[in-house]
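2 protein chains.
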Amino acid sequence: MSLISREVHLKSRPVGNPADSNFTIIERTIDPPDAGEVLVQNIYMSVDPYMRGRMREAWDLDRVLEGAAVGKVIKSNNKHFKEGTYVTSSKSWREYFVSDGSNINPIDPDLAPVSAYLGIMGMPGLTAYGGLLITGQLKEGETVFVSAASGAVGSVAGQIAKIKNCRVIGSAGSDEKVSHLLQEYHFDHAFNYRSSNILDELKQGAPKGLDVYFENVGGAHLQAAIACMRPHGRIPVCGMIATYNDSDTPTPGPTNLSSIIYNRVTLQGFTVNEFLDKQPQFLHDMSSWLRDGKIKYQETVFAGIEKAVEAFQGLFSGVNDGKMLVKLADD
Amino acid sequence: MSLISREVHLKSRPVGNPADSNFTIIERTIDPPDAGEVLVQNIYMSVDPYMRGRMREAWDLDRVLEGAAVGKVIKSNNKHFKEGTYVTSSKSWREYFVSDGSNINPIDPDLAPVSAYLGIMGMPGLTAYGGLLITGQLKEGETVFVSAASGAVGSVAGQIAKIKNCRVIGSAGSDEKVSHLLQEYHFDHAFNYRSSNILDELKQGAPKGLDVYFENVGGAHLQAAIACMRPHGRIPVCGMIATYNDSDTPTPGPTNLSSIIYNRVTLQGFTVNEFLDKQPQFLHDMSSWLRDGKIKYQETVFAGIEKAVEAFQGLFSGVNDGKMLVKLADD
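Respectively, the protein sequence lines represent chains A and B. Just so you know, we're using numbering that gives the first Met the number 0 here: the first sequence kicks off at 0 and counts up by one. Just so you know, we're using numbering that gives the first Met the number 0 here: the second sequence kicks off at 0 and counts up by one.
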């Protein structure tokens, strides 16, 4: 029996903020799985800021988009996957897909809720873990600033820094998110970057300067952080969301970059792919932190594939508190 | 018998380009050396771009300036220093000084001409050596771009890269300097940044992109280099001379910094102090390269302490080809 699966295609390349008209929803007929294949129904899909960059040229037009998803095997002709198994894949932006088993990975729903495998136990969690501890070389007792600190990556980075007994300063885009950083995640200092002066806040929150700036934003955040870096400070560069929707007028770059010379500061770009070999250690550490209540997470969930574009767009206006997800089916 | 020594003081802090009026020459009476002391006559002094930064706040007003100098012990009451010994010190911008021996270092005039200890065998040489090989982690056969490539540091960095069998691209500020890079230093590609498009030149000179950008300039150079960096590329940041004289309107920062994320590029500021423990290896390598004719150097020499400010100012308009020196006395 065939199924109808709705999927989101890129119709045209966004200029500036992604518009509804850049996307379209297509209905595709999914044939039943052949021998050795499984049929997966997606339960959750992830929308992430990095996708904006892929839309510039990496992703083809008139094709289904990609990204992390958690699904459930609902029909299996493959002995390695029982029906009912939860799997992660890169086959998001669609309701169903058929796989030969090579591009899906089983996950353990007893270790954490399945949606967490798109957030704190998934790519955003590993990004924060590797970016802070490997790229950023964070040491116990240092002072760390995390921008977009209530986001999927930033909230994990900040909490890991707290676990490492660091002083943690965070920025977010609303007073509600700031309260959350202070009360739920126990940041030492947090501020709403829309209503305060970033440099003043950093001087107040980190009077001795910053050892690490976990960079998610770019623009004015980076300029202010550079001004506060201590000698041999590190800036792991995870994202620059403020610049992703640049069109004709690019967001100005920092004018004080030359101060990294005398302070011997390192800016280092990274992606989660740098840390794939650390995944077993990461899953071990993160699941025990979760179990011990040392780390928390939040999700903002939109419902239905017809809301996927709105969820993606919301990343750039800060609609989400924590990981932004789209729920595609009831579990 | 007392001596009169002329010395240059900082009278006011430069705003924008350093002006004549920011400096003044004072005559000081130098008393004969006491027991254990020596009298040094400076032969050469160095002017360097980093000094512009020190004039912002680190150096006091109405005091003699500092920096690297080569002098000769002309009167000695210290058994460790024979009269006629050549020494380096940080006591530049003056004609004579008295030392107890703790802040002067003897140099070997048989290994290289004494002026070279302010350039290729001195701080600029070690800066290039460490910045390229340690901070920049240059590997055999890579592609390297050096800006301000005919300067004291850049010309050494480019030639070391050639010794390491790298493809080397250089920028300079005149056609004459460009010819020099190609013909004397054997760069693979060189261009006059004042009359050409930096990005176009980099694409032509390094069609497969850059593994290392040895950054001396900032501004448009950095923007173009970032656009050409290969995955895991390194940008050792030695200087940003284009920005040092910024006053009200800062030189724009690069607007394409976010591309360091996907390409996992590292920008790392450094100063020569990082490499002081590598000095013996550096002196060994550099003197043998000089002896074997594998590396060459140029000097632009102004004569007389009354020309020191003009020499310093000339650094920012590109008057020098190679190391800029001021000769304070005949040898």
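Any given hint could turn out to be false.
[Unchecked claim] Simulated DEER-style distance windows between Cβ atoms:
1) B/W58 to A/S11: 50 to 60 Å
2) A/D199 to B/K277: 48 to 58 Å
3) B/K207 to A/L275: 34 to 44 Å
4) A/I24 to B/S246: 29 to 39 Å
5) B/K207 to A/N16: 46 to 56 Å
6) B/P206 to A/I24: 53 to 63 Å
7) A/V318 to B/S173: 51 to 61 Å
8) A/D174 to B/Q136: 38 to 48 Å
9) A/D199 to B/G313: 37 to 47 Å
10) A/T299 to B/K277: 32 to 42 Å
11) B/N191 to A/D247: 50 to 60 Å
[Claimed, not checked] If you only want the chain A side, here are some residues facing chain B, beta carbon under 10 Å, derived:
12) P105
13) S258
14) E273
[What the hints assert, rightly or not] Using 30 Å as the maximum straight-line C-alpha spacing, the simulated DSBU-like pairs for lysine-lysine come out as follows:
15) A/K71 to A/K10
16) B/K277 to A/K138
17) A/K74 to A/K293
18) B/K293 to B/K81
19) A/K277 to B/K138
20) B/K207 to B/K81
It should be emphasised that the hints constitute simulated quantities derived from the structure, not laboratory data. Positions of the beta carbon are idealized from the N, C-alpha and C atoms, including for glycine.
Hint check results:
1. B/W58 to A/S11: 50 to 60 Å: Holds - the Cβ-Cβ distance for B/W58 and A/S11, about 57 Å, lies within 50 to 60 Å.
2. A/D199 to B/K277: 48 to 58 Å: 40 Å, violated
3. B/K207 to A/L275: 34 to 44 Å: 26 Å, violated
4. A/I24 to B/S246: 29 to 39 Å: The hinted range 29 to 39 Å is violated for A/I24 and B/S246, with Cβ atoms some 54 Å apart.
5. B/K207 to A/N16: 46 to 56 Å: 34 Å, violated
6. B/P206 to A/I24: 53 to 63 Å: Violated - the Cβ-Cβ distance for B/P206 and A/I24, about 41 Å, lies outside 53 to 63 Å.
7. A/V318 to B/S173: 51 to 61 Å: 54 Å, holds
8. A/D174 to B/Q136: 38 to 48 Å: Cβ of A/D174 to Cβ of B/Q136: about 44 Å, so the range 38 to 48 Å holds.
9. A/D199 to B/G313: 37 to 47 Å: 40 Å, holds
10. A/T299 to B/K277: 32 to 42 Å: Since A/T299 and B/K277 have Cβ atoms about 51 Å apart, the given range 32 to 42 Å is violated.
11. B/N191 to A/D247: 50 to 60 Å: Given a distance of about 30 Å, which is not inside 50 to 60 Å, the answer is violated.
12. P105: 29 Å, violated
13. S258: Hint on A/S258: holds, closest Cβ of chain B at ~8 Å, below 10 Å.
14. E273: 7 Å, holds
15. A/K71 to A/K10: 28 Å, holds
16. B/K277 to A/K138: 26 Å, holds
17. A/K74 to A/K293: 38 Å, violated
18. B/K293 to B/K81: 33 Å, violated
19. A/K277 to B/K138: The given pair, whose Cα atoms are some 26 Å apart, holds under the 30 Å limit.
20. B/K207 to B/K81: 55 Å, violated
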